[in-house]
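Build out the structure end to end from the sequences listed, making use of the hints.
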Amino acid sequence: MYFDLTDEQQAIKQTAHDFLASRFKSERLREIAASDSGFDESGWKEMAELGWAGLALPEEWGGQGLGIVDLAVLFEELGYVCAPSPLLSNTIAGLALAFAGSDAQKERWLAPLALGELRGAPALIDAGVLAEPNKFALAAGSNGDGTVLSGEKTLVMDAASADFFLVATADGHRHVVEKGAEGVTVVPEESIDPTRRLSSVRLEDVRVAAENTLPGGTEDYWPVFQRACVALAAESTGLAQRSLEMSVSYAKDRQQFGRPIGAYQAVSHRCAQMLLETENSRSAVYGAAWAADAEPESLPLAASMAKAYASDAGWRVPDAAIQVHGGIGFTWEHDLHFFLKRGRANAATFGDAKWHRERVADAVLAGATAPADD
Amino acid sequence: MDLTLSPSEEEFREEVRTWLQENHPGPEPEGAGLDEVMQFRREWQLKLHGAGWAGISWPKEYGGRGATMIEQAIFAAEATRQEAPAPANVLGLAMGGPVVIAHGTDEQKARYLEPILTGEEIWCQGFSEPESGSDLASLKTRAVKDGDEWVVTGQKVWTTFAQYAKWCMLVARTDPDAPKHQGLTYFLMDMEQDAVQTRPLVQITGEGEFNEVFFEEARVPDANVVGGVGNGWAVAITTLMNERAGLAFGAISQIQNALGRLSKLAQETPSNGGTAADDPYFRQRIAQLHIEVETMRLNAYRGLTKTMQSGIPGPEGSLGKWQWADINQDLTELALEIEGAYSTLARGSEHAVAGGAWQYSFLRSRANSIEGGTTDILKNIIAERVLGLPRLR
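These protein sequences, in sequence, are chains A and B.
Position one of the first sequence corresponds to residue 1 (our numbering), numbered consecutively onward.
Position one of the second sequence corresponds to residue 1001 (our numbering), numbered consecutively onward.
Since the hints were made in silico from the structure, they are not lab data.
The structure presented is a predicted model; accordingly, all values stated were derived computationally and were not measured.
Each statement offered as a hint is correct.
For lysine-lysine, the following DSSO-like pairs were computed, each having C-alpha atoms within a straight-line distance of at most 30 angstroms: (1) Lys13(A) with Lys25(A); (2) Lys1264(B) with Lys354(A); (3) Lys1306(B) with Lys252(A); (4) Lys1180(B) with Lys1166(B); (5) Lys252(A) with Lys1180(B); (6) Lys1166(B) with Lys1140(B); (7) Lys13(A) with Lys1306(B); (8) Lys1180(B) with Lys1140(B); (9) Lys1306(B) with Lys1060(B); (10) Lys1060(B) with Lys1166(B); (11) Lys1166(B) with Lys1109(B).
Output of the computed footprint for chain A on chain B, the stretches with three or more beta carbons under 8 angstroms from beta carbons of chain A: (12) 1005 to 1017; (13) 1292 to 1299.
C-beta: ideal position from N, C-alpha, C; glycine also.
Written out as structure tokens, the structure reads:
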């Protein structure tokens, strides 16, 4: 029993922390947030050089071959600076290819993706249809040997910087669709989080050759989804950690009624609550990340617990931080709103807290015990 | 990172599990008075001691088992999981012994430790006073030097098992002129003297778990000072740290047991043509409790890893106690909500659900955010000692 990061993981954390602190200072974050595409090309190149594009992807296909704990370490640090980066969507596309793709597809798409040379993004949710994880409406029409797709996917992350999409269809398959393919139109949406853009992807009679349909079915995507939940929950934990630190430092500094406001229990107890939620979130995330690497049978429950908890903490802690900051926290000039917005978006992505709690209820009321306890 | 037990820890758990299964005395006598329960617990403690399970955290040289922190956690979790009764001398084992071991003289160790382990001498804790609760260091009970004795006058409150106790871990003021944290001394007070009177304090459950203790010129010899005159505060703090470190894993198992009973209650309670376990609102709440218990368990493991590295429990332990109180209260509130109108019936009533057990738990759990450090004070500790926020005082 040893529940802490190893020296190697501490090193990953430190490298990520230092790099991200210098790369995403407030001014740069704001420039990217205000830009047309929201994509930071030079930042991406540096991250790719650090091996992050393929951090948790198989070594065989150009990745670093590290585990989900390592991935969680990285995403916690990305959350800590609210990094605007397609790393999340790219990682999920990579995991999907790794879990459900053929060798030929891995060679063609996964290997360049793991090196950061090509970027992929999942296109999952059908416009106008109630979004539910791993349940899709888009029909895969037949077209000789291949497939033809007509419909609209929405809430697609990082479409502007993606080279290809992994489009989910009702039959449980995913199809590689290049952004430049005939019949594909990307329409940017106004997302609440300007540091992670969402778009709709319209598909009009898009022809997909047979070799671009991944052979895996619905069951192969659950492990991908669960790992995505852990990564996102880790990112939310980082958002909470940073919001907490900003609040504590402000509460030590800011004077009212002749004292630092952090001396008042209304403020200090709020900060204590923020710490509790942040630490709980972190424990749940690393418990689930560890399960992904070492005890996959307990991952489904652990991932849902982590995502449910971090969904709440990831926006409530930044929200509490705004309250601690008072008026200044409500200004555009202060960075906190980026953290609140990202946290709120994360809460609703890949199943919200309510959806995941229902999964937990299913498991525990059927008599399952908490993971790794028995 | 490794959240599994090592082979030797697994082996230890097997040993604990098997021993408990073979020696478990069954549930405490139902409807029995406290005297009968205490007798039952004394017998249980003797059995534990005979097999070397009493004082498992104590070093071997003092009659303990010298178990690692993980082994202590395993034992506490396993004993609670199997719903083994508490030993009679809980406070002696968890606090008194460790304090004597840490601060006591060789004579004190030779005199006090063995009867704690056997349960022959029960211990109680005399810290809180009517006017000194959270602000413990403001306590007023006086000890005045008289030859090689001290004469103690004052009142303590919330004293668990005072009516059975031979020894009281008493903190009293020996120097009224010193700053409040420096004028205190830690004594072992013999409760078997006329100058010490105990009176049960009836709590909101109707029971008398706690007592008031009155000292009217009670006598305590010099030899019973622990850790030196004027060092009472530092010695008392050790006691409180031991209390928190020892409680966590048993408490988590206890909540896991309660959650199991809560799920069963939901599955057996009719609601809208199905059961409460089909009701989306209850499902959400039950799931949230499971999630929080799991985060508490994982936090405790993280804390344990940290404590094993640094050697001392950090102030983060306060988070766990706070969280435990919150969860336990939520859990019992939810049980009453599931029972609906029937939640109005208590123990002894024919139609009370589960014999009124949840009504009792609901009331008892109100104390969870008060006993052993109020949640409000824990938040202060976290704010000041973990987050480094300025003190108000």
